[in-house]
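Knowing the structure of chain E, use the given hints to seat chains P and Y on it.
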Amino acid sequence: MSGWETVIGLEVHTELRTETKLFCSCANRFGDEPNTNVCPVCLGLPGSLPVLNARAVDYAVRIGVALHCQVQPSIFHRKNYFYPDMPKDYQISQYDLPIDTDGWLELPGGKRVGIERAHLEEDTGKTTHVGGGGRIHDADHSLVDYNRAGVPLVEIVSRPDLRSADEARAYVDELRAILVATGASDGKMEEGSLRVDANVSVRPVGSTAFGTRCEVKNMNSLRSLGRAIDYEVARQVRLVEGGGEVVQETRHWNEAEGHTSSMRSKEEAFDYRYFPEPDLVPVVPDPAWVDGIRAALPAMPAELRRGVAHAAGMAPESDAVVTVVRLGLEPFVTATVAAGADAGLAVRRLANEVASEIGSLANLGPEQFVTLLRMESAGDLTTAQARTVLKDMLTGGGDPAGIAAAHGFEALGGDALEAALDEVVADNADAWARYVAGEDKLQGLFIGRLRGATAGKADLAAAAAILRARRAAGC
Amino acid sequence: MTAVEIAGAVRSGEHSAVEVVEEHLERIARRDGGVHAFLHLTADAALERAAQVDEAVAAGIDPGPLAGVPVALKDNLCTRGVPTTCASRILEGWRPPYDATVVSRLAAAGAVALGKTNLDEFAMGSSTENSAFGPTRNPHDPTRVPGGSSGGSAAAVAAGFAPLALGSDTGGSIRQPAALCGVVGAKPTYGLVSRYGLIAFASSLDQIGPFAETVADAALLLDVIAGHDPADSTSLPSAPPSARAGLDRGVEGLRVGLVTELTTAEGLDPQVVARTREAADALEAAGAKVDEVSVPAAVYGLSAYYLIAPAEASSNLARYDGVRYGLRAPGADITEMYVRTRTEGFGAEVKRRIMLGTYALSAGYYDAYYGKAQKVRTRILEDFDAAYQRFDALLGPTAPGGAFALGAKTTDPLTMYLNDVCTIPSNLAGHPAVSVPYGVDAGGLPLGVQVLAPALGETVMFQVAATLEASR
Amino acid sequence: MAGMAQRITTADVAHVARLARLAVTDEELERFTGQLAAVLDHAADIEALDLGGVPPTAHPLPLANVLREDVARPGLPREEALAAAPAVEDDRFRVPRILGEAP
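Quick mapping for you: the protein sequence lines, in order, are chains E, P and Y.
The letter at position 76 of the first sequence is residue 78 when you use our numbering, and the numbering goes up by one with no holes.
The letter at position 196 of the second sequence is residue 197 when you use our numbering, and the numbering goes up by one with no holes.
The letter at position 36 of the third sequence is residue 128 when you use our numbering, and the numbering goes up by one with no holes.
Worth flagging that the hints you see were computed from the coordinates, not collected in a lab.
Check each hint, because a few of them may be wrong.
Keeping only pairs whose Cα atoms sit at most 20 Å apart, straight-line, the calculated EDC-like set for lysine to aspartate or glutamate is [unchecked claim]:
id, chain 1, residue 1, chain 2, residue 2
1, E, K113, E, E7
2, E, K128, Y, E181
3, E, K128, Y, D182
Label pairs and their in silico Cβ distance ranges [unchecked claim]:
id, chain 1, residue 1, chain 2, residue 2, range
4, P, A30, E, G133, 48 to 58 Å
5, P, L48, Y, E171, 22 to 32 Å
6, E, E21, P, G135, 40 to 50 Å
7, Y, A156, P, D368, 20 to 30 Å
8, Y, H134, P, P238, 30 to 40 Å
9, Y, R170, E, V286, 30 to 40 Å
10, P, G288, Y, A156, 35 to 45 Å
11, P, D292, Y, H134, 41 to 51 Å
12, E, E193, Y, R170, 17 to 27 Å
13, P, T412, Y, A156, 50 to 60 Å
14, E, G410, Y, A164, 49 to 59 Å
Listed next, the stretches of chain P that the computed footprint assigns to chain E, with coverage defined by at least 3 CB atoms under 8 Å from CB atoms of chain E [stated by the list, open to error]:
id, region
15, 95–108
16, 192–201
No residue lacks a Cβ here, since even glycine has one placed at the ideal position from N, Cα and C.
So that you can see chain E by itself, here it is in the shape it has in the complex:
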């Protein structure tokens, strides 16, 4: 695929974590019995009218602010097309005047991806296909549940600034973290509360004109997003290199078969006939209100990464820092810094031991975590012991001192350490003589033997200091 550049823009739909739907007071809840969260409005009954949910607007503004967008006066349009999952046979969506425009998102590596717009719209119902193995085309008939119809969505449209499947995944990962941080979304891609469509095109390296793009839909995980993009890029390059042309169309990603395919027959023309929704009035966010939302927003991941990196003396894009922030572990770093403990050590422990047991995080309190770090730093526990204790703290809870004691973990120090060293020296008298005579590298031998002799309990840093002191004293 050399000689070709990939150009990707992403459209991410996120369901908002409101109590109710976008235009009616039905519960916005996943997993209820079919058609139990419905009313005249979200069933599209004749005579019913929409009334906009204030919290959905609040969330849309939070998202706009978090993505550095202009938050502007906006209106709703109707997007007209017939489909059974849409009770009114039109979708109420923002079209040429979205609430959020022209922002950006910073990837962990520092690259800024442009955000063209973010707008409010309503979700559709859920269709189940009966017969033919549940596939739409082979089905005998279909069944519709309107519980999801009218659930509030924000669609976030990036500019075509992404250049690889990896970057696309990083963008979605970062966007998801931002959405969760704003409180607007739970970010669950697998449950469908975060859905990603990709506009993919290719162009010769060096070209500034865009190639014809295809919109790829139906990716339900970051992994399938990456696979779908890679497939689509390869397909387009193959097509163009073979003398063909890419046709602008929507393509469906088939996860099981690992390919994309055209979604609709060519003769079906789509003409959405957008026009201003006459049942709703404009949304004009008061600048003071937007400023209030901005002030109340928690720190976003990029800022958190900078803070953690600074405290730990690491680069913001380093894997450990990214992991700590992605998993929401920065409060542990903050607690470490506040206690004057070693933040670098904290980040390493969080990005490794804690990250691998993240499901048990509830068992770990920041104070206990800091206590553990102090024990390790003070030499009361060896690195190996500290890791074991931390794992136990995560799986079963408890305080580090108690767990260490239960394991019999006590770093060997003081008289006991001196005694153990005496033994090692006595057993290696020749080597000791050479060490005293100036063969520095032999220190490692003594440390190694000491570790073996004490089954890892010796405070090795202290032992090294004792060795050096004894040599200096000539004994």
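For chains P and Y alone, coordinates are given in the frame of chain E:
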């Protein structure tokens, strides 16, 4: 008896609501076979409700300002458990699971709903001939139409079936049939009356309004149904103006403008213009200062309306797809089902407007048609605003002529559309207007004149209307 | 097309009928085309208007920010929601097979 009289008599215990309702039901039973004002009667429920009103009075509880007053409801207003069809096959037999806000307000005011009245299918028409369930006839002459689209409600009041009725007015659908049936009919300021539960035709134009035999009754009914409703985003939050406050004030010192564009509109019967001028003279005689005024953009109203209304309708009527309610015709796949359902379920006029509106919104034509029509709307608003700088209210004819014969205008849609030429500008502007019966044509059929007012100008509008009524 | 849209054709009407999910016979197609053309010809008066600097009015009301508190209220009982449906299966609305994915 007028609604004001009935409510007074029922509240004082002088008359029983049950007797009132029985009288009206009897009249309906006797005469509606020839008029066909009603599509569905709720006689049992009405008598039951009337009995409750009487019980309340007996118990010393005031049932409300419309105590025991029978009301007829246009069949595009949702009534819980009662068939609501929009006079369309596609909704035949549908029983809404909820009441329109106006229906709840009527009940809370002590009114008694008698049933659902006929209309042009989905309120699209000016003669009630587009009903899928047969036309309504004008009580003054059964060979003639009652006007439309709220022809059933207008005829019900004219025939004495109910002292009050509700209709909806998108381009004149209350005022034009009121004129043709010789009753009072008002379209309120857009947003004054909740549209929740009114089955939409053109959402930015639709308003529910009253029919009555007298101006005072119409004002009473409007005051009951007006006011903010949180279920309708386009409902005005401010306290509604009183329609009754000015009824006894006369017009001394009021400035009334006779709208040139309405008295010279295309296709006007000279008799209508003559009655309108007589009305102007009567107002002048009553102390108003009357002058001619031009609202130049009003001449573009009809064209703008017949792009905007069908465009919104094409979207509003998409939901009739055979999935959740109403008619379903069988189909091998969903598209075939949609097409067969909608083709069988909608009448010709509805199809015509859906196609016209679809065309006006479609890619490549939006700017030339819908977009341009929206700009014309701005112009009309500006021109009305200018007129209301100089005048308190405006005057014009309601309809181009008196009631016409059934079938006279069904072959050429544009001829039918011209019925709305004088009423449409108020809808585009969102302003109130009321039609008051004023004289008759050569055949003795009633004609109407229209009083127009600025947004929320209902008080002065009914003030002028009351004076006109008294001057007849 | 300087301001003036072209006259509507039977092909246009066939296209909008398809968009609107309506079937029309050949005879209806001819008739509807003539009728729509008459209405659009009448609308030529506004097509000819110069409205360059005029903003559109989508709505006669100057309202904005009409919002509802995010508090859940019970909707319809399921039996009522499904009561008017032409076909129901497993508490869902049953429809004939769907030929294409949602756009």
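Outcome of the hint check:
{"no.": "1", "hint": "E/K113 / E/E7", "in the structure": "17 Å, holds"}
{"no.": "2", "hint": "E/K128 / Y/E181", "in the structure": "14 Å, holds"}
{"no.": "3", "hint": "E/K128 / Y/D182", "in the structure": "14 Å, holds"}
{"no.": "4", "hint": "P/A30 / E/G133: 48 to 58 Å", "in the structure": "53 Å, holds"}
{"no.": "5", "hint": "P/L48 / Y/E171: 22 to 32 Å", "in the structure": "29 Å, holds"}
{"no.": "6", "hint": "E/E21 / P/G135: 40 to 50 Å", "in the structure": "48 Å, holds"}
{"no.": "7", "hint": "Y/A156 / P/D368: 20 to 30 Å", "in the structure": "25 Å, holds"}
{"no.": "8", "hint": "Y/H134 / P/P238: 30 to 40 Å", "in the structure": "38 Å, holds"}
{"no.": "9", "hint": "Y/R170 / E/V286: 30 to 40 Å", "in the structure": "38 Å, holds"}
{"no.": "10", "hint": "P/G288 / Y/A156: 35 to 45 Å", "in the structure": "41 Å, holds"}
{"no.": "11", "hint": "P/D292 / Y/H134: 41 to 51 Å", "in the structure": "30 Å, violated"}
{"no.": "12", "hint": "E/E193 / Y/R170: 17 to 27 Å", "in the structure": "23 Å, holds"}
{"no.": "13", "hint": "P/T412 / Y/A156: 50 to 60 Å", "in the structure": "45 Å, violated"}
{"no.": "14", "hint": "E/G410 / Y/A164: 49 to 59 Å", "in the structure": "56 Å, holds"}
{"no.": "15", "hint": "95–108", "in the structure": "holds (count 5)"}
{"no.": "16", "hint": "192–201", "in the structure": "holds (count 6)"}
Hint check: violations occur at hints 11 and 13; the rest are consistent with the structure.
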